[in-house]
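Starting from the two chains in their separate frames, assemble the complex, guided by the hints.
Residue numbers (this note's numbering), protein chains in the order written: chain D, 1 to 270; chain F, 271 to 484.
Hints were generated in silico from the structure; no laboratory data involved. Incorrect hints may have been included.
[As the list claims (entries may be wrong)] Looking from chain F toward chain D, a few residues come up when the C-beta cut is under 10 Å (computed):
(1) Thr401
(2) Trp404
(3) Ala448
[Stated by the list, open to error] Derived, one-sided and incomplete: chain F residues facing chain D with beta-carbon distance under 8 Å:
(4) Gly340
(5) Val342
(6) Ile343
(7) Asp348
(8) Arg349
(9) Val399
(10) Gln403
(11) Thr406
[Said to hold, decoys possible] Which chain F residues stay away from chain D? Per the calculated CB distances, all over 12 Å, these:
(12) Ile281
(13) Lys282
(14) Asp328
(15) Pro335
(16) Ala336
(17) Ala345
(18) Trp357
(19) Asp370
(20) Ala379
(21) Ser383
(22) Ser397
(23) Leu408
In this text, all values refer to a predicted model and were calculated from it rather than measured experimentally. Glycine included, every Cβ here is placed at the ideal spot set by N, Cα and C.
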Amino acid sequence: MTDISAAVTGGTGGDPAGAGTPVLTLHAVQRVYGQGGTTVTALAGIHLTVTEGELVALMGPSGSGKSTLLHIAGGLDRPDAGDVVVDGVGLGRLDLTRLAALRRRSVGYVFQDLNLLTTLTLEENIALPLELDGLSRRRSREAAREALGRVGLTELQGRRYPDDVSGGQRQRAAIARAIVGDRCLLLADEPTGALDTAAGDEVMAVLRGLADQGAAVIVVTHDTRLAAWADRILFMRDGRIVESTGDQGRRSGPPGWPPSDLPEVDLEEA
Amino acid sequence: MHTGGGDRMSIKHGLLALLGERPRHGYQLKTAFEARTGGTWPLNIGQVYTTLQRLERDGLVTSQPASADGTVIYALTDRGRDEVANWWSAPVDRHPPPRDELAIKVSLALGASGIEALDIVRRQRISTVQTLQWLTRLRAEATAREPAHGNGSDPDSAVPVYPDQATALILDRLIFEADAEARWLDHVERTYGAGNAPLRPDNQRSTSASGGRS
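For reference, chain F alone in the conformation it holds in the complex (with noise of 0.2 Å):
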C-alpha cells in the first residue's frame, strides 16, 4: 500500500511546494507539512534537514547563511520553482503499481503447501475492518471539532488553513483504501472460497493460472 520511495517523492515536493509559497526555516517546513496535512504523518526534523541539504546539493534551494539566533532560512530556486510546477501539472505517477504486500502474501498462499489461504484471507478481514472502525471514528471526532483555530490563514496564498478539514479529507483517503481492500478480501473469498476452486495446494493448476493474473 506505502512504498518508502512515495514517502520520500511526497515529503520532497512537499517542502518544495511549501517553500513555493514563501521562505522558511526547517521547523517552519515541518509545522506547516504537518499542520496542513492534518498532522497524519507527522515529520522528524532530522528528515526536514536532510532533505533539505539534499535539495540544495540538487540546485532547487538555496539557503542564507544563519542568523544571530542561529536559524538558515531556504528558498526555491528557478530550478526549485520549475520542479513545483512540474509536480502541480503532473498527475501523481502509478506506473508501475508499489509492491502490495498483502496481494502479494495472498498471492503466494495460494500455491504454498501447508498454508489456509482462506484463513489468511479472513483474519486479514478481520484486522482490515477493524481498521476502518479505527479511521471512522477518527473521521468523526475530526468532524465535531470546530473548523480552523483562526490564526492559520496563510498571507501568501491568501488561503485559510483548516487543520481539521485537512485530517478529514486525508482520513477520507485512507477509509476509501482500507474498504477496497475489504471488498477485495470479499471477492478473494467468494471466487476462490468454499465451493469454487479451494485455495490449496491440491489445486495448483488453477491457482497458479489465477495468480498469473495478478
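Just chain D, with the same shape it has in the complex (with noise of 0.2 Å):
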C-alpha cells in the first residue's frame, strides 16, 4: 500500500514505477504569483516523470496548482524555478519561437470550452491548426481524418458542425484537434466538466486509448470516479503533490475475479 508520509515529504508520487521513456519531467517547479507582500505560491516544488503510455489523472481542490501545473508542463507558462523537460527538450533553454515550434509539434491541449469554431465541420476544425501551419489542404484533411479516426468518430461524424451533435462527440472532436499530427503529450484541463456521467466516461475511454496507443497524457478532472481511467491519481493541495496511488491501482484487487473464464456452458446443459 502506498506510504503517505513518504508521498507527502519526498513528493515520490510523482514518479511513475513503470520503466517507460519519460515524455515529460518537472523537477523541482517552483511557480509564485504577484510581487512583494502579495504573492501567491501556485507550485511549491513538483517533481512528476510522465512516461510513454501512460494517463495520469490530477485532482484536488480549486487554487490547488492543477491548472498552472499543466499550463508549464505545456510550455504556457514558464517556471520561477526549476526544470521543465518535454520529448527529451529543456523548455527553460528554448526561445519563444523554438518553445511555440514544439508546443505544435509534441503537445497538446484540450480545455472546457472547447473553443470549436461554430462554422466549420469537425473535421474542418481538425485540420485547420496543420493549414495554418502550412501543410497542403490535401494532407491536413487526411490527418484530421486519422485523428477522427483514433477518438472513435467516423468520417460521417466529422462532416457535421459543432452544434450537430453531441456533448461527448464535440468534446472527442477537441481531443482529435489536440492530437492531430501525432503529438506525444496531451494536456486535458477539465475536458469532462461539462459533459454529463456518461459523456465523460465516453470522454475518458478516449484518452484512455490514446495512452494505451503510447502519448502521454494529463488529465484535470474533479470526479474520482472518472479519474479512475487513470494509471495513476496525484492528489494537490497548496501548490504540492501531496499523494499518490501509485502505478497499483489499475492492477490491484484480488487476481482474477472476476474470472474471465465463464463456464462457457449452454445454460441449459452441463
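Right under this line is the structure:
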C-alpha cells in the first residue's frame, strides 16, 4: 500500500513505477504569482515524470495548482525555478520561437471550453491548425480524418458541425484536434467538466485509448470516478503533490476476479 | 459493506429464482448463477448442495431420486414458488443498515487516544481509489468484449443471457459503491480535518457528538 508520509514529504508520488520512456519531466518546479508582500505560491516544488503510454489524473481543490502545472508542462507558462523537459527537450533553454514550435509539434491541449469554430465542420476544425502551419489542404484533411478515427468518430460524423453533435462527440473532436499530427503529450484541463456522466466516461475512454497507443496524457478532473480511468492519480494541495495512488491501482484487487473464463456452457445443459 | 447474512440470503433466493425457471441439478445451478451474475460471486459447489438441502428441509424445493448417472434434479414446491414471487415483488430490505467496518473504524478512531483518524481516512482513500481504478479497468474490459456467447439463451425465460452485460452491470454497482465511499472519505476529511474539529482525542466533546450521529 502507498506510504502517505513518503508521498507527502518526498514527492515520490510524482514518479511512475514503470520503466517507460519519459515524455514529460518536471524537476523542483516552482511558480509564484504576484510581487512583494502579495505573492501566491501556485507550485511549491513539483517533481513529476510521465512516461509513454501513461494516463495520469490530477485531482485537488480549486487553487491547488493543477492548471498551473498543466500550463507549465505544456510550455504555456514558465516556472520561476526548476526544470521542464518535454520529449527530451529542456524548455528553459528555448527561445519563444522554438518553444512555440515544440508546442505545435509535441503538445496537445484540451480545455473545458472547447473553442471549436461553429462555422466549420469537425473535420475542418481539426485540419485548421495544420493548414495554418503550412501543410497542404489535402494532407491536413487526411491527418484530420486519421485523428477522428483515433477518437472513435466516423468520417460522416466529421462532416457535421459542432452544434449538430452530442457534447461527448464535440469533446472527442476537440481531443482529435489536440492530437492531430501525432503529438506525444496530451494535456486536458477538465475535459469532462461540462458533460454528463456517460459522456464523461466516453471522453475518458478516448484518453485511455490514446495512452494505450503510446501517448503521455495528463488529465485534470474533480470526479474520482472519471479519474479512475488513469494509471496514476495524484492529489494536489497548496501547490504540492501530497498523495498518489502509485501505479498499483489498475492492477489491484484479487487476481483473476471476476473470472474471465466463465463457464461457457449452454445454460441448459452441462 | 457486505454482511454474511446478506450473502446467504442472496444465494438462497438466487437458487430459488433459477429453479423458478425450470428444474435443475446442483452443478447446473452453480454455472447458471455464475454466468447470470457475470462470475462476480463464484459459488462453491458444496455451498450449493448445503443450501439445497436446507431449502428441501424447509419445504421450498423437492428433489427427484438420482438418475442412472447419479444426478439429483431439484424443483420448486408451491411454497417455494410463493417464496420466489415474494422475493421478486418486495424491495430488498435494508433495515437495520448492515454493519460497515469502515464507518465503525473511523468513528472509533475519533475518540481513541494515540490514533490519527485523519491518517486512517487518507490511507483508506488511496486504497478505495485504487479499488475504483481496478474496477474501472475490469468494466472497460467487459465492455470491449463481444456481447454474449450465442448459446446463452434460456428457452424458459426466452430472454437471451449476456454474461458480459451481467458483468458490466454488477461492476457498475461496485464502481458506484467505491465512488460513494471515496466521496464520504473526502467529506470526513473536509468536515473534521485541519481547520475544523480536529480528529483527535483532545477534542472529545465535539467528536463524541459527531460520533453519536452515525
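Which hint numbers does the structure go against, in order from smallest to largest?
When the structure is compared with the hints, numbers 4, 5, 6, 7, 8, 22, 23 turn out to be violated.
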